[in-house]
Amino acid sequence: MIFEHAPALIIAFPLLTSFAVPILNRFGEKFRNFFVLLSLLFSLFFVLTLAPQVYSHGVIVYTFGSTSPGITLPSGYSMPIRITFTIDGMSIFMAFIASIVSISGLIYSWGFLKKERVGMDKFYSLLLLMSVGMYGMIFTGDLFNMFVFLEILSIASCALIAFWVHKGETSEAAFKYMVVSSIAALFMLIAVGIFYGQYNALNIAAIASMINYNLLDKIALSLLIVGLAMKAGAVPMHMWVPDAYGQAPAPITMMLVAASQASLYALFRTCFTLFGLRLDVAMVGWIIIILGILSMFVGVTMAIPQKDIKKLMAYHSVSQTGYMLLGVGVGLAVMNDPIAFQTYGMKAMEGSIFHIINYALYKGLLFLTAGAIFYKLKTRNLDEMGGIAHNMPLTTLFFIIGALAIAGIPPLNGFASKFLIYESVYRFNPLLSIIAMVVSVLTLASFVKVFHSAFMGPKMKKNVREAPRAMLLGMAIIAILIIIFSLFPAMVVRTIVDPAVIALANQGNYISAVMGGI
Amino acid sequence: METIMQIVFVPIGIASLGLILSLIFKGIDRRIAARFQARVGPPLVQPFRDIMKLMLKETIVPENCVRWVYESAPIIALVGSLMLLLYIPMGPFNAPLGNFGDLILVLYLFTIPSLAMVAGGFASGNPYATIGAQREMVMMMSYELPLAMLAAATAWKVTSFSIAKISSTVIWSTVGPLGLVGILLLLVVVLSVAPAELVKIPFDAPEAETEIAGGLLVDYSGRNLALFYLSDAVKSFAFASLIVALFFPFKLGTTIWGEFLWFLLKVLIVMIVSVTTVRVAAARLQIDNIAGYYWKPIALVSLAALALIAIDTAVVI
Amino acid sequence: MIKNAFKRALWVYHINTGGCNGCDIEIIAALTPRYDAERFGIKLVGSPRHADVLLVTGPVTAKMEDKLKRVYEQTPDPKVVIAVGNCGASTGVFHNSYSIRGPIDKIIPVDVYVPGCPPRPEAIIHGIAKAWEKLEGKK
Amino acid sequence: MSKTVNIPIGPVHPALKEPVRFTIEVEGEKVVGADYEVGYVHRGIEWAGMRQNPIKTIHLSERICGICAFCHPLCFVQAIEEIGDVEVPERAEYIRVITAELERIHSHMLWAGVAAHEIGFDSILNLTWNIREKVMDIVEYITGNRVTYGMLQIGGVRRNITEKQYPKIREATQYYRELLDKIEDVFLRDPTIRMRSRDVGILTKKRALELCAVGPTARASGVPKDVRQDFPYIAYPDLDVKAIMPEEPIGDVYDRIFVRIREIGQSADIIEQCLDQMEPGPILAEQNVAKLLADLQNFEGEAVGRAEAPRGEVFHYVRMNKNEAPLSWKARAPTYNNVQTWPDMIVGEELADVPIIVASIDPCVSCTDRVTLIKDGKEEIVTGEQLHKLSVLKTKRVMRR
Amino acid sequence: MPTPAFFELVKQILSKPVTNLFPSKYAPASIKKFLKKGKINPPIKTPDKFRGKLIYEKDKCIGCGMCVRVCPSSAMELVGEPPKRKIKHYVSRCTFCAICTEVCPVKCLHMSDEFLLADFDKHSENLIVG
Ligand code: SF4
Ligand code: SF4
Ligand code: SF4
Ligand code: SF4
Ligand code: SF4
Ligand code: SF4
Ligand code: SF4
Ligand code: SF4
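Line order of the protein sequences matches chains A, B, C, D and E.
When we follow my numbering, the leftmost residue of the first sequence carries the number -13, and every step to the right adds one.
When we follow my numbering, the leftmost residue of the second sequence carries the number 447, and every step to the right adds one.
When we follow my numbering, the leftmost residue of the third sequence carries the number 19, and every step to the right adds one.
When we follow my numbering, the leftmost residue of the fourth sequence carries the number 537, and every step to the right adds one.
When we follow my numbering, the leftmost residue of the fifth sequence carries the number 303, and every step to the right adds one.
Keep in mind that the hints were calculated from the coordinates and are not lab data.
A quick note: this is a predicted structure, and the numbers were derived from the prediction, not measured.
For each residue, glycine too, the CB sits at the ideal point set by N, CA and C.
Hints may contain errors.
To be verified - Label-pair ranges, simulated between beta-carbon atoms:
1) Val634/B x Ala268/A: 34 to 44 Å
2) Pro816/D x Ile364/E: 31 to 41 Å
3) Pro879/D x Val408/E: 54 to 64 Å
4) Glu379/E x Asn824/D: 50 to 60 Å
5) Ala268/A x Lys742/B: 54 to 64 Å
6) Pro879/D x Lys742/B: 38 to 48 Å
7) Thr615/B x Asp323/A: 17 to 27 Å
8) Val634/B x Glu699/D: 25 to 35 Å
9) Val408/E x Gly817/D: 20 to 30 Å
10) Gln710/D x Glu517/B: 57 to 67 Å
11) Thr740/D x Pro623/B: 50 to 60 Å
12) Ile364/E x Gln833/D: 21 to 31 Å
13) Val408/E x Glu618/D: 52 to 62 Å
14) Glu383/E x Asn824/D: 22 to 32 Å
To be verified - Partner residues are not named here, just some residues of chain B that face chain E (Cβ under 7 Å, in silico):
15) Ala484
16) Phe696
17) Lys697
18) Leu698
With these hints in hand, go ahead and build the complete structure from the sequences.
Right, dumping it as structure tokens:
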């Protein structure tokens, strides 16, 4: 019975807990932490129960306060105007990422912020709000709600970036982030307005069923692409990424990675579900491909000379985002051509989507290791590090796992997804896959540099010990997932990636699931 | 039961066969190099003896190193190289993992031994090793572009990255005259990448004995050194086999063993041409010359090859 | 086979502790085509960690004493030390100088002496052959 | 990675067959600073030479270095001969020239091989050393030993070169003359060698003069300096020697290779001239060594001997005062001058170039090493910081007074 | 790689190696055999006046000590009292300069052509003359 309401519960638990945190705080730290974790675990649990339903039904439409999303006017015209959650394979896929990241981030925070005296209640409230924002964006079937959740996510993130407000740079980073978020949100709002003005609807499926790709729609499309790509941190709107990622506390950085992917998700939704085949797919595809290639290249070349370990990793985020854009872009570009789409477009998208989760995992892990180093050494400057491997072997091991994964070295999961991308993209244009491969090696080089200057070298003078247990646990959860993903990539692709791809590619299903229910 | 046999024994068999063959080939390589220098050279079994001896020697672990990285690097290097053998067909014998085998996978697998060496070099904490490791990285970055082009171009022609498929098509026959030139250029590219991939003169800057005293391997001794030595031998063999599989899959059409010998002969020739002769007839290049060499002329050549093949494909279709 | 392994795969590290170069050039000569010590698996290596044999020349000057000791310690067991040339064996012509700490056997144990000033390359090969015998005993 | 790293090279390092210590400061692969420290082979030869009779010392000076095993004793005996007014027979002078030039051939061939080895071209090492064996054979044939010759005696040479030996010597010079083209081909026209040597390690003419470079190092920078030409000794006045220089000297490693290879041919020519011009006659002023020993007790005065070794000018100073052992003996080897040019050449180059640049002056450290600071039986390594501390301490001491 | 060096090397691979196969073609199975086999492939011939290990005709020596005076490395030692004074020569100290053979008034010292002198002990019987 309760499972019917799973989508609502997934959001309700963290949301309610988030408001309850100040109260829970009174009962002591342990109690609060436990409750926060519990709420996230509940969410995860419901995500897990929701998944089989989605996989068997294709699309699930959940309407708040009603069984059907629409109201039927006396005239017989029906319109989905209630608040609906529309959950398909792609949403579930993203929900997995959101839950994993939130949970391990939370656990890690226990250790990481142990020494913080003030503001911890706020920290956990905001952290929960971030996951609420993510879940919301992922599940919602309604453009305006998506905007709302995006705002929730942005505000929570912004506050968390500025968590260490006593350090001047953090406020600067938070400010930058805020500006970017507001612009992106504004763009989105305008687009939503355009749609509403034209079609009198906010529901994605509803708009999709009516859209006719006129000039206004095109403007809305570009606004959405620009705004969401900006929030996802793709070149050339990536300048906020290094600051925000660099300054935020490590667990938040990891959450930000997932948050930017939520924006990416929204971008994909826009292209595939909202516009679908009505789009000039080749052109939009190419735009996305070019954005992707640029992000890949610019990100990695900016990363190589960095001295600040977190900034370096942040630039890699830009570059990794490029891979996802590349694969999806190729998929989009050949959507019109069923044969090409079947032979390689699909595979390219599989690669990209698979890369999303892989990336969330290994990038999260890397940021957490960077956080662990910062926690112990109080510096982010590579030149001031050295010999960490002597003192923090587990952290080193996690770093190596993450670095090899991001560099796409077999047999790690990063290779598996990049491999899908290379293997399909070359059919579209071999140069693209050549660039992808070269970027991969450049990534490797820059991580070898980090490995060398931070972890290797003579023993440190300071008597530094391994990071606290909670942090190790947070990292271990992700590392284990990475290893599982590395060992059984085919299984992962089959069970969670393929449904996501199919969901994206199959606009009709989505529309009919929502509209048909009316 | 049978599958267990296959899973356990076939790889072991292949690995040991590969090891033995690699070492013999290394012996031949040394012998021929010596003959180039008007010397008699060591007997063919010399590499075996070297390995034996190293295995028996004390293995010193320097005080300053990061022990677990330092000690696991050689093992990973060897395992990585042996893995390669499972993906590359040896003449008439299909690779046990050939079905999953894939050109890109193999090219990336080639980086594992090098990476292990880099990590080991860094871990040993010796300044020479550190410089060596940095050079190795630079080199890996330099020859990656031509290799990527090679992979893309071949796969484009054969429309698959699967090595099994590539090696069962004679690539030369799939193209017209322009493409032929393109493939020839590709062959040139891959032959010139070979010495770098295998860290041989003139591209042995990471191990330059006279500059950085053996570079990456300065601090390694005994068993660990032997493992690296083996992994180097296996890697050489695997790379030569890969070239044979890509470019010279010609069959004789005799018995299976005849076919196998024919394959070994091809590998030998490839090895002599791309490794032995080059290594005796050239001086060591500086690392930025190496980078320049791969980023400029070789990248251009491979681009040209790619273009030619593209034009050819367009014409044929 | 185990014994043979040592006999025929000697990796040699060469260190000059202050000799006159005479012996050093003859050591290199022993590796060049005319004498080709590689026939017997003898190989000059760049790091004492790889070596089985230390070829030491020179009478050990004050400044080289420590270095020699260090190189000896860095060489993994089993190892043999060959003193090439008479100034290494007994300080030779340099015997009445003040800054000589040698001969070599005063600082590290020497297994084989190759007399000569300098010994011919063949004599060096002969000395290394003697070292085989020694190594066999050591293992 | 722009950290500067100090890389110690040596004293025990495969690139240096002799001990010398470099500290190279690198930024990435670029050398930004260089310092060297010699003294590892200091054996107190001069000190020992002042405590024994010169006949012994001839053999000792031969072992200042085994590569120029002729030039050092030659300078030494020349100085003694000058002090004692010993008349050296003409034939002996010619034989000395022949040996000296054979030594030059062997040394340059050796160097060529080592240089090739430094840049990782071992085939050429094998090639040149194989060619070099010919001259080693001739040297052994004439002197009875391959490396240290033991040819010299005060007042002449100890072994004659008989007519019977001429053909074999001529054959060898012929061999080298013919091979010269081949060697030039292999060295000067090989693309990889060219790449590694052209415009690498430049020493300008001005700096060469300022730093008093000698020998091929100076000549490659365009300084026409050659003792055989400027201050002819032994039989050189009768022979035709001219300093060899590249046509347009740049002073890089390539030029140094060029000069040395040309000098091999020059030496072959000189040897043939000697064989042609040599008259029969005695080879030693005083046959009886016992008598010579007695004579030496009467020598008094000071003199210098100088000679052009393969690497440049060797210079010996001897003072005797009616005692068997010299009162004073100083040797100055060419490398001693040439090492000063190292920092000039190395800074700004790549780390990978350091060995070839160092090798390009053909350093032999054994004759260069002079004094080691020894305190309480321990070596002192004084760092800048310690020096600073010392100086502060001293200031305080001074102020207290 | 059509460099000049390359052609040179190719020429070399086509001709016989110059290596002198001392002591035997391949390393021997055991050291004992090796020492015997050493004679099968002799080392490169030494020239006439080669300076190898000293030969000392003890009976002829008059114990004058001249050799001790000139020996640059003090490899000679006088033993016994004057009438029967003889010398003892340590090969591992000698520089093979042969000056002692020239100085000896009765010419009882000669240089042999023996040069394969490697030994485990620098004072072994083989390395002490006299
Ligand atoms: S033994 Fe003689 S030749 Fe050898 S280094 Fe000593 S002095 Fe020089
Ligand atoms: S400087 Fe040279 S010649 Fe002079 S005493 Fe020292 S080692 Fe001997
Ligand atoms: S010989 Fe010495 S003092 Fe004279 S110019 Fe040259 S370096 Fe100066
Ligand atoms: S130290 Fe020697 S070389 Fe230098 S100036 Fe004095 S005498 Fe001349
Ligand atoms: S310059 Fe070199 S070769 Fe000449 S005597 Fe000095 S050390 Fe020996
Ligand atoms: S400068 Fe130094 S080495 Fe030269 S004479 Fe003076 S004290 Fe002696
Ligand atoms: S040969 Fe020379 S060193 Fe040997 S004993 Fe005679 S004089 Fe002494
Ligand atoms: S010089 Fe001759 S006679 Fe005199 S002690 Fe020596 S060996 Fe005997």
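Quick rundown of the hints versus the structure:
no.: 1; hint: Val634/B x Ala268/A: 34 to 44 Å; in the structure: 36 Å, holds
no.: 2; hint: Pro816/D x Ile364/E: 31 to 41 Å; in the structure: 35 Å, holds
no.: 3; hint: Pro879/D x Val408/E: 54 to 64 Å; in the structure: 58 Å, holds
no.: 4; hint: Glu379/E x Asn824/D: 50 to 60 Å; in the structure: 24 Å, violated
no.: 5; hint: Ala268/A x Lys742/B: 54 to 64 Å; in the structure: 34 Å, violated
no.: 6; hint: Pro879/D x Lys742/B: 38 to 48 Å; in the structure: 32 Å, violated
no.: 7; hint: Thr615/B x Asp323/A: 17 to 27 Å; in the structure: 26 Å, holds
no.: 8; hint: Val634/B x Glu699/D: 25 to 35 Å; in the structure: 59 Å, violated
no.: 9; hint: Val408/E x Gly817/D: 20 to 30 Å; in the structure: 28 Å, holds
no.: 10; hint: Gln710/D x Glu517/B: 57 to 67 Å; in the structure: 59 Å, holds
no.: 11; hint: Thr740/D x Pro623/B: 50 to 60 Å; in the structure: 54 Å, holds
no.: 12; hint: Ile364/E x Gln833/D: 21 to 31 Å; in the structure: 23 Å, holds
no.: 13; hint: Val408/E x Glu618/D: 52 to 62 Å; in the structure: 34 Å, violated
no.: 14; hint: Glu383/E x Asn824/D: 22 to 32 Å; in the structure: 27 Å, holds
no.: 15; hint: Ala484; in the structure: 4 Å, holds
no.: 16; hint: Phe696; in the structure: 25 Å, violated
no.: 17; hint: Lys697; in the structure: 30 Å, violated
no.: 18; hint: Leu698; in the structure: 27 Å, violated
Hint violations for this structure: numbers 4, 5, 6, 8, 13, 16, 17 and 18, all remaining hints satisfied.
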